[in-house]
Amino acid sequence: MSVENVIEVRGLRNQFGDHVVHDNLDLDLHRGEILGVVGGSGTGKSVLLRSIVGLITPAAGEIRVLGQDIRKLSGAARESVERRWGVNFQDGALFSALTVRENVEVPLRAVPGLSERDRRMLAGLKISMAGLPVNANEKYPSDLSGGMRKRAGLARALALDPEIVFLDEPTAGLDPIGADAFDRLILALRDALNLSVFLVTHDLDTLHTCCDRIAVLAEKRVLATGTLAEMLQVEHPWVHEYFTGPRARAAMTSDSGGAL
Amino acid sequence: MLPEQAPEQIDVGAVSRLDTAGAWYLARAQKAGSRITGLSHAHDQLLKTVEQSIPEPEPPSPDLPFWRQFLEYAGRRTVKSLGYYRELADCLGRFLAACLRVIRRPSLFRLTSVVHHCQETGLRAVPIVFLMSFLIGVVLAFQGAAQLSRFGAEIFVVDLIAIAVLRELGILLTAIVVAGRTASALTASIGSMKMREEIDAMRTFGMDPDLVLTLPRVLALIVTLPILGLLADVAGLVGGAIMSWITLGVSPPMFMVRLAEIDVSHVIVGLSKAPIFALIIGIIGVNAGMHVGKDAESLGQMTSSSVVNAIFAVIIADAMFSIFFQVVGL
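Sequences listed follow chains S and H, in order.
Okay, so the first sequence: first residue is 1 according to the working numbering, each after it adds one.
Okay, so the second sequence: first residue is 1 according to the working numbering, each after it adds one.
In case anyone wonders, no lab produced these hints; they're calculated from the structure.
Do not rely on the hints blindly, as some may be mistaken.
Unchecked claim - Incomplete in silico selection of chain H near chain S, CB under 7 Å:
id	residue
1	Gly13
2	Ser16
3	Asp19
4	Ala21
5	Trp24
6	His43
7	Gln45
8	Leu46
9	Ser53
10	Asp295
11	Glu297
Ideal Cβ placement from N, Cα and C applies to all residues, glycine included.
Let's have the full structure, built from the sequences with the hints guiding it.
Put into structure tokens, the structure is as follows:
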């Protein structure tokens, strides 16, 4: 069975001044999978995410999203690709002057012919799908906890039923129960909406619970990709340390029926 | 869009891609009595997920009659503004308590900090206060001369300038400028510390924010505003004297002679207001800073409201002073 790649990154190079973040980086995201992107601090996980969604213009390389080179797209063609992905930033990046519901309505406003009543109700549905209670609808982002802001950000990212969702450290700063609930939410939404998920994370539990494949960023490129079990076979010292350290062992043994 | 009457049967066998909006439509139709046929397994899953997450409609809030809404709004605003006075009283009380504690234990006093804030709020405000007051003196002389020369009473322009500048304008305008400059700076500096939990961190070290933050800032204002007021008085008189000389030919020595006959009580009245204005500006600025929330938006909101409140309060206080001095006959 052939796999369809929704994202194909080839030969990506990113640099700021003399500082080269990525050099000759290749990465694929298959349709319907959850890809965990890991790497030490400063290896450019967020830079990679930002260059794929076009917030950073890379120095060289090709980035194909849903079969189209996003660097060559402009205007309406670009917008139509942008509507097919959703991005959830680290702290939700909600518009602070709008309520949660209004935040989710922002991308829905671009849909022609959607009545205001339907828009409000659809926004309410997305918020509820992201696991927020009904009374969160009319709250402002400053009134929400960190976990709720992340959920609200996810609701906004999902507003237009995207095919690809980018999540930047979705479980960072959440308590273990909240992080676990978020992991399950991502899995459930992936199954229900057939999402492809690009997940930047440091959370070994998330990698273990959610991710179908893992991509390790090191030495300015994607050093290795594969399942968690395959990662254990990689000889590179950082990868070895990351996946066999004490925290990793705890994450993998916590679930007896796990992937190992 | 959903028709009024739900169709009896909806066949989705030919649908290849179903999004949540579509599933939501189907779920509502199903609830209204339609039969959905031809669902693929994946679409069935999606429909079930959406069905489960359709939020319970909120109970509609009872619509109050207009007069009750109005009363409720007025009541809320009244309680809120009374609460604001309470906050100010609280802040003033803390400041006075901090003063007393410093008097009892002078080792708690942070002289360096006071000097620093004197420089920030005092020294750096000198150019703008001086220029503003100088120009006010010029304008008063110019306008006064135009009117007084019609009665041949040009020489009284000295009285006009002296009384207006020394008694009211010098100190009031200085206070307004300082309220704009310093109240906002106080709110912004304390508010950004509040926002980043620096003030809470301070408390955990046993440092009292009243002693460390409030006292030096407000004290520096109380020390510098009278000095700035005095400078403004001088600048206003100099501006007035120069303009009188140019337009009316009142020479500086003559101006001085005339000035010496002005009652000194005007200067006392003017400058005695300065410490009170300083206290008002300082307390309003610090209090607003202490009530900044966790986001940058509330910082901006508090900063602008502290400037507006400080200027407003200074003008109100000036009006009350003028009644007071009228009654006591100064």
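Here's how the hints hold up against the structure:
{"no.": "1", "hint": "Gly13", "in the structure": "violated (19 Å)"}
{"no.": "2", "hint": "Ser16", "in the structure": "violated (12 Å)"}
{"no.": "3", "hint": "Asp19", "in the structure": "holds (4 Å)"}
{"no.": "4", "hint": "Ala21", "in the structure": "holds (6 Å)"}
{"no.": "5", "hint": "Trp24", "in the structure": "holds (6 Å)"}
{"no.": "6", "hint": "His43", "in the structure": "violated (10 Å)"}
{"no.": "7", "hint": "Gln45", "in the structure": "holds (6 Å)"}
{"no.": "8", "hint": "Leu46", "in the structure": "holds (5 Å)"}
{"no.": "9", "hint": "Ser53", "in the structure": "holds (4 Å)"}
{"no.": "10", "hint": "Asp295", "in the structure": "holds (5 Å)"}
{"no.": "11", "hint": "Glu297", "in the structure": "holds (5 Å)"}
In this structure, the hints that do not hold are numbers 1, 2, 6, in rising order.
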